[in-house]
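*Asks:* Read top to bottom, the protein sequences are chains A and B. Note that this note's numbering has the first sequence beginning at 1, numbered continuously upward. Note that this note's numbering has the second sequence beginning at 1001, numbered continuously upward.
Simulated from the structure, these hints should not be mistaken for laboratory data. Nothing here was measured: the structure is a model prediction, and the numbers come from that model. Heads up, a few of these hints could be off.
These stretches of chain A come out as covered by chain B in the derived footprint (C-beta under 8 angstroms, 3 or more residues) [said to hold, decoys possible]: (1) 25-31; (2) 42-51; (3) 56-62.
A virtual CB, placed ideally from N, CA and C, is assigned to each residue, including glycine.
The residues making up each chain are set out below.
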Amino acid sequence: MGRNEVSNNVRRLRFENGEMTQQQLADRAGVTRQTIIAIEAGKYAPSLPLAFRIARAFGLGVEDVFQYGEEDS
Amino acid sequence: MNRWQKMAWFTLIVFGVGAILSGIAVTVLSLKLGFPKAYAGFAFMGIFGLSGLSPVIFRKKPGEVELDERDRMIQRRASWVGFGASYGFFGLVCMTTWFVIGPKGSISVNVLPQIFIGGMITMFFVHSVAILIQYGWRGKDGAQ
Chain A
1 MGRNEVSNNV
11 RRLRFENGEM
21 TQQQLADRAG
31 VTRQTIIAIE
41 AGKYAPSLPL
51 AFRIARAFGL
61 GVEDVFQYGE
71 EDS
Chain B
1001 MNRWQKMAWF
1011 TLIVFGVGAI
1021 LSGIAVTVLS
1031 LKLGFPKAYA
1041 GFAFMGIFGL
1051 SGLSPVIFRK
1061 KPGEVELDER
1071 DRMIQRRASW
1081 VGFGASYGFF
1091 GLVCMTTWFV
1101 IGPKGSISVN
1111 VLPQIFIGGM
1121 ITMFFVHSVA
1131 ILIQYGWRGK
1141 DGAQ
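Please model the complete structure; the sequences and the hints are all you need to start from.
*Replies:* Here's what the structure looks like:
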């Protein structure tokens, strides 16, 4: 589970959405807080369904939250 | 530290205590009673069975997500590594025995349960270590 090519804006979006905590996002996405921490740290790339659930928690599209390849987050 | 990390640590501690006590018991008994009576010291390995209580000791908290996709991936990888290590253990024991005793030698069948138990111990030990490597050894997980 090392660094991967998928980057994300999850941490920034959490703070922009009423300073949502990692636990709150985890509850909305149906995962553990540790998984959210790993995603934010770039140590874990979520599955497509999970990526959609996280994006839906912010009311955004998947590509607004996750980027693949050389796109900057 | 999540439930799986706690269970992995508990397994490692139980195995460590059982191995140490067995080693001490066998050593002391070998000095006092000699072999094969000293093998009775391996009875302390029964402590390993306590690791089976870890799901009861470390219960899931109400409302907590027990196993998400990342947890399943970690568990799956740890299982593969554990089984691979136990297979390596069996191979190592078999080939070492063959090289030491030779193709015309023979061993007692009493060794077979010991090899099996050794393989199981290897599997559970490596599984726990793999769990902790993937999750992290400590509970500090950078939560913000």
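*Asks:* Now look at each hint and say whether the structure bears it out.
*Replies:* Each hint tested on the structure:
no.: 1; hint: 25-31; in the structure: holds (count 3)
no.: 2; hint: 42-51; in the structure: holds (count 4)
no.: 3; hint: 56-62; in the structure: violated (count 0)
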